[in-house]
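Q: With the hints as a guide, bring the two chains together.
Residue numbers (full-length UniProt numbering), protein chains in the order written: chain R, 1 to 158; chain H, 1 to 381.
Please keep in mind that the hints were generated in silico from the structure rather than gathered at the bench. Heads up, some of the hints might be wrong.
Computed footprint of chain R on chain H; a stretch qualifies when at least three of its residues, placed anywhere within it, have a C-beta under 8 Å from a C-beta of chain R [claimed, not checked]:
(1) 54-63
(2) 142-149
(3) 282-296
Quick list of in silico lysine-lysine cross-link-like pairs, DSS-like style, CA-CA up to 25 Å [said to hold, decoys possible]:
(4) 57(R) <-> 68(R)
(5) 101(R) <-> 34(R)
(6) 31(H) <-> 16(H)
(7) 38(R) <-> 112(R)
(8) 112(R) <-> 101(R)
(9) 104(R) <-> 34(R)
(10) 34(R) <-> 112(R)
(11) 34(R) <-> 141(H)
(12) 68(R) <-> 97(R)
(13) 34(R) <-> 133(H)
(14) 141(H) <-> 16(H)
(15) 277(H) <-> 68(R)
(16) 38(R) <-> 31(H)
(17) 38(R) <-> 133(H)
(18) 34(R) <-> 135(H)
(19) 34(R) <-> 277(H)
(20) 100(R) <-> 57(R)
(21) 112(R) <-> 97(R)
(22) 38(R) <-> 141(H)
(23) 16(H) <-> 135(H)
(24) 141(H) <-> 257(H)
(25) 112(R) <-> 57(R)
Where is the CB? At the ideal position from N, CA and C, for every residue including glycine.
Below are the chains, spelled out letter by letter.
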Amino acid sequence: MATEFHNLQELRHSASLATKVFIQRDYTEGTVCKFQTKFPAELDSRIERSLFEDTVKTLNNYYAEAEKIGGQSYLEGCLACATAYVIFLCMETRYEKVLKKISKYIQEQNEKIYAPRGLLITDPIERGMRVIEISVFEDRGSSGSSSGSSSTSSSSGR
Amino acid sequence: MLAARVTRRWEKLPGKNTFCCDGRVMMARQKGVFYLTVALITGTCALFFGFECPYLAVHLSPAIPVFAVLLFLFVMAVLLRTSFSDPGVLPRALPEEATFIEMEIEAANGNVPAGQRPPPRIRNVEINNQIVKLKYCYTCKIFRPPRASHCSICDNCVDRFDHHCPWVGNCVGRRNYRYFYLFTLSLSLLTIYIFTFDIVHVVLRSMDSSFVNTLKETPGTVLEVLICFFTLWSVVGLTGFHTYLISMNQTTNEDIKGSWSGKNRVQNPYSHRNIIKNCCEVLCGPSYPSVLDRRGVMLEAPPATTTAPVKSTTPEPQTTKTTAPLIPNEHTPEDVKPSIDTTSDKTCPASEDEKPHLSQFPPLASPDSDTEAAPTHEVSQ
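Just chain H, same shape as in the assembly (with noise of 0.2 Å):
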């Protein structure tokens, strides 16, 4: 049966978020606190445009709008670009490279006696000259990079992990960095700004009614004041503390783990030491691409079959989500290991006379099971 659309990877894409706009679009899953975000800027910017604006153009100068709705588009177009794009997300291990992973491992570890735990995955690299770890992720079956950490919220590895923010509704990790320090930072100037200006309002009309009285004709005042005073603290300290962050090249995972801190601790590596460096470093350093395929076109294949005799074997999609290690260990429920067998047996059914042992390990891919390499007999199925 020919597929009436095609599939994108972003649809058998492991891990919890949700894409929009064909896979373009690439968020957590909970986005109410992002509604709210979005409500509330462009609720108060609302406000400040109804009932401030009006008077302050005629009365102080019409640039202060002006200024007000550029300063408003850059914090809305930055807020959308650290929500809706990929925080550098990376990939899960294939299973090949998974199973590449595991015999390393394997061979590093020797014989472990039953009955005892084997040896924590941790793989020691020098980072300018300091010893730095690198920890196995079970879920993606990879050797995180340094400064990578899994995000539990939205279940991937996530370079240069920073944290999760449920304002934004996304991780904020190496690609989107940039842009959420800038929506914090030019946040905490629009707030101020309003804020400000709430102020300059509400005196330059007082002059010539009274107090009371201008509160009653521009009722908005109250509610952006209040909702300016609530938000200053937060966005203008958050934007403070990810200054810091950035001057000495630290992510707040980082920070709140202390990895650097502390006196028997390993320093910073990748800070360069200079106030200057670090921040040109994160903040105009290059804007790196993203390296999760989100649309390109998966072929459709026919479900999987163990009695199906087709030498056209069917592909195993490329990120499957698999919870087991490919080889199993002591760790595997007992459950699962006769699976693995069923998935030898079908991608390569020549190997039923081959030592029993073998099927421990699933056949590596033939070049008709390796999607990229688009044999025409997979489309007409």
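So that you can see chain R by itself, here it is in the shape it has in the complex (with noise of 0.2 Å):
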């Protein structure tokens, strides 16, 4: 079952990769970003259904913040222009602050929550903004492979 990693350079370095799962986008509101909250069956052994709809549902709040359509963006757009778009060499958009703070609190969700659990959440962005990729990792003393038919499971090469 659920194998216990203290953290997240333990888990790199000790574990294996048993398989990946993906979060598909939502797009029942358009094209702006959002994930499904849909619980997928392989991680109902790793963790908690309330755990990872908290996390997905943070993300995707973050992400509405940071498309959000209103007086910040407007004025952000407007000065832009009116300086020919030269201030954004220097200046840093919105939309790339807020991405920071996912990128921060996706660590912190990995070390706090998944890192323990044998998971580990890649930022969307690096996936481009398509898919919340899951690693499930496996210890490399435990037998057997977790769910999923496509599974090869190294431990059995050592």
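A: Put into structure tokens, the structure is as follows:
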């Protein structure tokens, strides 16, 4: 069942990757960046449903904040237009600021919640904002593989 | 052998783009028409500043050349931003993601009897109560997000793909559409401005000397008027067309394909049904970041050999340009299938004793082969 890992470094160096789960985008509200909160079956034994849903909902909220069309985005747009967009060479856009927050949040979630359960979330920006990739690790010493017919556990190779 | 210089991701990206300034600038391969655009704009403005401006500054107002300079600088700034920026290219799926999607498709299709073509790879999503079909891209191995399209010239899937513009030497997509629109708008204004003041200048000068003499004194005027005349019709027309598209929240691609027109077709689910709101979303929306990693550093790895008994497995480049599906299906050419098996041998030597049918699936990456984990032993090679 769930193997204990103490930190991310241990996870990366002593565990072997069993499978990867991909959380797809939710397009029901258009092209805004939003991920499905449906709980994947492969994580059933690894993490509590509520924790997973919390993570995805928080990420969705961050993205909604970044893409919000309101006073601040108009101001940023008009100011940038007035300077012929040269200002973007020195200024960080609101979206980029939110992306930094997201990156910190994901790292924090990995350290506190996911790594102890043998999971690792990859920032969606590294996958073209298409999916949230969750890597499922198995301890080298444990036998058997996690769910998914495609896993080739390299624990047999030691 | 330690690499003398770092390899950045743009050097290994698939697709037919050219990159400059170490990955900061991204354009299409054919840039000839773009150079023509720059030459026409700078040439015409140079003639205007040389022939018309001295006379008009003195006889009318010095504000005329000043405004012309500002307008010219604005046009060049937005043109370069349109041409050099990432239009919203979607990176291709990494092997694991591609495999995952293939497995989902196979599961959804069920057993296709031999000899029959499998059903087209389409996913239906409901957006604002309309059913939109998402198509699968065989090159990028992803289901394209809504409004994305694959540009065959650049060989990339581009988000909110509008069209590929040879005049700017780049695709026009989500990230650079507003710059493109501002370029056409400001160029229209610049063209009208130069045209108007050319006429004013010729009229004013003809009052002192004859019309023919005026043209002899300022031959540049004739060339300017000609260029402006032909530019006016095309650029002003284009600006008008894009203003219409923006007010309807449509892309050129959708307009050409007739995605939202016709009685039986789906209505545009992205439109807010309000012109102001549509314009605001397209022009004043947030500026989206690039999701294509161009400047990330790639770790140098030794070339892969099947005899190497090294545990530090050679990492497959993150953006492998594969043209065959990872799971061989009836479309895979016969000569490609064995190479899929040798790939599995290289990265997972222990799999030889496993059942033969498992070698059809490429082994999932181990942490060592994931360059993001950055194990130190790879760098020392």
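Q: Is the straight-line distance between the alpha-carbon of residue 38(R) and that of residue 141(H) 25 Å or less?
A: This hinted pair holds, its Cα atoms lying about 23 Å apart.
Q: Sort out whether residue 135(H) lies within 25 Å of residue 34(R), counting only the CA atoms.
A: 19 Å, holds
Q: Hint check: residue 68(R) vs residue 97(R), CA-CA at most 25 Å. Holds or violated?
A: 13 Å, holds
Q: Given the hint that residue 112(R) pairs with residue 101(R), test it: the Cα-Cα distance must not exceed 25 Å.
A: 16 Å, holds
Q: If you count the residues of the region 54-63 of chain H with a beta-carbon closer than 8 Å to a beta-carbon of chain R, do you get 3 or more?
A: violated (count 0)
Q: Given the hint that residue 38(R) pairs with residue 133(H), does the C-alpha gap stay at or below 25 Å?
A: 21 Å, holds
Q: For a C-alpha distance cap of 25 Å, please report whether residue 34(R) and residue 112(R) respect it.
A: Given that 25 Å is the threshold and the Cα spacing comes to 23 Å, the pair holds.
Q: Verify the proposed pairing of residue 277(H) with residue 68(R), using a straight-line Cα cut of 25 Å.
A: 13 Å, holds
Q: So if I understand the rule, the pair passes when the alpha-carbon distance is 25 Å or less; does residue 57(R) with residue 68(R) pass?
A: 16 Å, holds
Q: Under the criterion that the straight-line Cα-Cα distance not exceed 25 Å, is the pair residue 31(H), residue 16(H) satisfied?
A: 12 Å, holds
Q: Given the hint that residue 101(R) pairs with residue 34(R), test it: the Cα-Cα distance must not exceed 25 Å.
A: Holds - the C-alpha atoms of residue 34(R) and residue 101(R) are around 16 Å apart, at most 25 Å.
Q: Hey, residue 104(R) versus residue 34(R), does the alpha-carbon distance stay inside 25 Å?
A: 18 Å, holds
Hint compliance for this structure: hints 1 and 16 are broken, all remaining hints hold.
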